[in-house]
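Student: Please take these sequences and the hints and turn them into a complete structure.
From first to last, the protein sequence lines are chains A and B. Residue numbers for the first sequence follow the working numbering, so the first one is 1 and each next one is one higher. Residue numbers for the second sequence follow the working numbering, so the first one is 1 and each next one is one higher.
Hints are computed from structural coordinates only; laboratory data are not their basis. Incorrect hints may appear among the rest.
To be verified - 20 Å max Cα-Cα, derived EDC-like pairs, lysine to aspartate or glutamate:
1. A:K15 with B:D131
2. B:K132 with A:E267
3. B:K54 with B:D85
4. B:K76 with B:D91
5. A:K82 with A:D227
6. B:K132 with A:D110
7. B:K7 with A:D46
8. B:K61 with B:D78
9. A:K56 with A:D46
10. A:K167 with A:D110
11. B:K7 with A:D118
12. A:K15 with A:D274
As the list claims (entries may be wrong) - So these bits of chain A aren't anywhere near chain B, every CB distance computed over 12 Å:
13. I28
14. L32
15. F204
16. S248
17. L256
Stated by the list, open to error - In silico contact screen, one side only, chain A against chain B (beta carbon under 10 Å); selected entries:
18. F85
19. L211
20. E242
In this text, all values refer to a predicted model and were calculated from it rather than measured experimentally. Yeah, the Cβ is synthetic: ideal placement off N, Cα and C, and Gly gets one too.
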Amino acid sequence: MRLLRVIGKRFSRNKLSVAGALIVLALIAISLLAPVIAPYDPTSIDVYNVLSPPSKAHLLGTDELGRDLLSRIIWGSRVSLKVGFVAVGIAITIGILVGSIAGFYGGRVDAILMRFVDMMLAFPTFFLILAVIAILEPNIFTIMAVIGVTGWMDVARLVRAEFLTLKERDFVDAARALGIQNKRLIIRHILPNALSPVFVAATFGVAGAILTESGLSFLGLGVQPPDPSWGNILTAGKDNIEIAWWLSVYPGLAILITVLSYNLVGEGLRDALDPRLWGAEKE
Amino acid sequence: MVSYLTKRLLLMIPLIFGITLITFSVIHLAPGDPVEVQTEMSLKVTAQAKENLKKLYGLDKPLHLQYFDWLVRFAKLDFGTSFVDGRTVTDKIAERIPITLSINILSMFIILVIAVPIGILSATKQYSLFDKLSTVFVFIGFSTPTFWLALLLMILFGVNMGILPISGIQSIDVSDMGPAERLLDWVRHLILPVGISAFAGIAGISRYSRSSMLEVIRQDYIKTARAKGLNESKVIFKHAFRNALMPIVTILGLSVPGLIGGGVIFETIFAIPGMGQLFYSSTMARDYPTIMGILVIGAILTLFGNLIADISYAMVDPRVRTKK
Numbered sequence: 001m002r003l004l005r006v007i008g009k010r011f012s013r014n015k016l017s018v019a020g021a022l023i024v025l026a027l028i029a030i031s032l033l034a035p036v037i038a039p040y041d042p043t044s045i046d047v048y049n050v051l052s053p054p055s056k057a058h059l060l061g062t063d064e065l066g067r068d069l070l071s072r073i074i075w076g077s078r079v080s081l082k083v084g085f086v087a088v089g090i091a092i093t094i095g096i097l098v099g100s101i102a103g104f105y106g107g108r109v110d111a112i113l114m115r116f117v118d119m120m121l122a123f124p125t126f127f128l129i130l131a132v133i134a135i136l137e138p139n140i141f142t143i144m145a146v147i148g149v150t151g152w153m154d155v156a157r158l159v160r161a162e163f164l165t166l167k168e169r170d171f172v173d174a175a176r177a178l179g180i181q182n183k184r185l186i187i188r189h190i191l192p193n194a195l196s197p198v199f200v201a202a203t204f205g206v207a208g209a210i211l212t213e214s215g216l217s218f219l220g221l222g223v224q225p226p227d228p229s230w231g232n233i234l235t236a237g238k239d240n241i242e243i244a245w246w247l248s249v250y251p252g253l254a255i256l257i258t259v260l261s262y263n264l265v266g267e268g269l270r271d272a273l274d275p276r277l278w279g280a281e282k283e
Numbered sequence: 001m002v003s004y005l006t007k008r009l010l011l012m013i014p015l016i017f018g019i020t021l022i023t024f025s026v027i028h029l030a031p032g033d034p035v036e037v038q039t040e041m042s043l044k045v046t047a048q049a050k051e052n053l054k055k056l057y058g059l060d061k062p063l064h065l066q067y068f069d070w071l072v073r074f075a076k077l078d079f080g081t082s083f084v085d086g087r088t089v090t091d092k093i094a095e096r097i098p099i100t101l102s103i104n105i106l107s108m109f110i111i112l113v114i115a116v117p118i119g120i121l122s123a124t125k126q127y128s129l130f131d132k133l134s135t136v137f138v139f140i141g142f143s144t145p146t147f148w149l150a151l152l153l154m155i156l157f158g159v160n161m162g163i164l165p166i167s168g169i170q171s172i173d174v175s176d177m178g179p180a181e182r183l184l185d186w187v188r189h190l191i192l193p194v195g196i197s198a199f200a201g202i203a204g205i206s207r208y209s210r211s212s213m214l215e216v217i218r219q220d221y222i223k224t225a226r227a228k229g230l231n232e233s234k235v236i237f238k239h240a241f242r243n244a245l246m247p248i249v250t251i252l253g254l255s256v257p258g259l260i261g262g263g264v265i266f267e268t269i270f271a272i273p274g275m276g277q278l279f280y281s282s283t284m285a286r287d288y289p290t291i292m293g294i295l296v297i298g299a300i301l302t303l304f305g306n307l308i309a310d311i312s313y314a315m316v317d318p319r320v321r322t323k324k
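Tutor: Below, the structure is given as structure tokens:
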């Protein structure tokens with residue numbers, strides 16, 4: 001676990017990344033505690049308070065049905081969290097599978113899998129996502145699945161590249177000499193050494209997935225009202241753009257802060273996990 | 001060079017074939033029938049009429065035959081007719097491409113003019129205040145949802161200040177205007193969409209230019225140039241800059257799919273009749289022929305973008321084209 005300490009130390013040296021990590025933790029806490037900390041029920045309609053600007057009673061104002069904006073943003077954080085983690089989970093699972101098989105076996109298997117990766121990379125991803133979601137039913141599960149299934153290619157390439165170098169190393173020869181089977185060799189011996197770029201890609205991936213989800217929900221192809229998501233609150237913001245600025249400003253700010261935090265954590269992780277930068281390190 | 005080119009072109013054939021196959025499967029294996037969508041509004045449609053519609057669109061044939069038919073027509077650049085208005089898909093796409101393309105080319109130009117100098121400057125002055133500020137900008141640029149930025153700017157310039165139009169690409173009374181006025185009108189409509197589509201790109205490309213430049217500056221030939229006493233501006237602009245520029249060309253080729261796909265949201269927001277908006281309205285109407293046409297054309301444009309990037313890279317770097 002000495003390695004973990006080194007990584008932690010390197011990570012904590014980047015103040016912005018630490019701030020990002022703290023915000024991410026706070027966001028996770030907020031979404032878990034949403035029922036407790038949200039001041040109002042996010043779906044309760046109040047016809048006497050339609051589109052009221054920020055005030056003491058409603059800190060961030062209310063929407064076109066008189067629902068409390070702050071509460072809707074707090075509950076909306078659950079959507080971002082779920083979509084971010086599940087979509088990226090799907091993406092790295094496929095990516096690791098494809099990348100490790102291609103990298104380990106090489107030859108024809110590798111060529112075919114990598115051509116498939118090229119093919120997937122050639123599609124304008126957002127078009128593909130849009131087409132699939134419009135054909136299936138737009139809801140949070142479709143979104144998570146589709147973002148995951150269209151987002152694994154970078155991970156596959158990274159894992160493959162790691163495998164290509166790792167499989168030439170002595171410890172792999174040693175394991176082979178001991179008669180360890182390929183499957184075990186891949187999973188227990190090579191894969192753990194190939195994971196650090198995956199962690200970095202996954203962190204950036206969460207940021208990307210949250211952005212994509214908000215865009216889809218904004219277009220009406222994501223989380224459906226009355227359930228709140230940051231993207232679909234912004235749709236209401238656009239519809240009332242001339243009279244209710246708060247509906248446009250605050251949910252977007254929530255997206256910006258969240259995505260920025262994940263990106264900062266990703267950047268910090270990348271530096272912390274890059275062994276080439278460890279030279280100057282003093283233990 | 002010729003053999004490198006031939007190899008690259010040949011490799012594209014199976015890729016294009018695979019792309020058509022994926023496109024076709026995505027659209028056809030999914031539930032949801034375009035005939036149902038077209039007829040669900042009118043209750044009087046009989047089962048017989050639905051069958052006739054299916055026959056008209058060829059939807060009654062087995063899937064592999066439908067795919068084959070489509071592929072043959074695709075080879076002749078015929079994507080069929082739209083389910084929505086009966087016009088040919090090729091026509092519909094052709095009238096949208098100039099609009100999307102002009103927005104993308106303008107924003108690409110802005111991106112290059114702003115992002116490359118920022119990237120080069122922050123690399124040559126690594127860890128300076130400028131470098132730190134531009135890094136912060138890059139992270140914010142990466143993390144800002146462009147449609148949110150669009151909303152904010154619409155509120156600021158369109159609603160509060162009232163100085164820019166917030167939708168469409170021309171005013172209603174455009175036919176009464178002279179040519180100069182018409183151009184001005186067009187420019188005023190494009191400022192926000194082009195600016196916003198450039199914004200995210202500036203972040204990405206300036207970051208990329210920075211790391212590309214940093215990579216080059218560490219090379220031995222730069223040390224040599226410095227060691228033989230060249231002044232710093234000559235080292236940077238004559239020796240380093242040119243070499244740093246090549247990877248940037250590559251990334252421009254690779255950003256083609258993002259440009260094509262990323263237009264959906266802001267074209268919808270600003271009501272710009274481009275490819276993105278056409279795609280959005282087609283998916284909402286389950287207009288299969290148009291969806292498939294745009295997906296395939298988009299993917300093929302991407303492949304060509306990659307190809308051009310690879311070729312320009314190979315022209316400059318002999319190691320690439322001689323590699324086995």
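Student: Which earlier hints can't be squared with this structure?
Tutor: 6, 7, 15, 16, 17, 18
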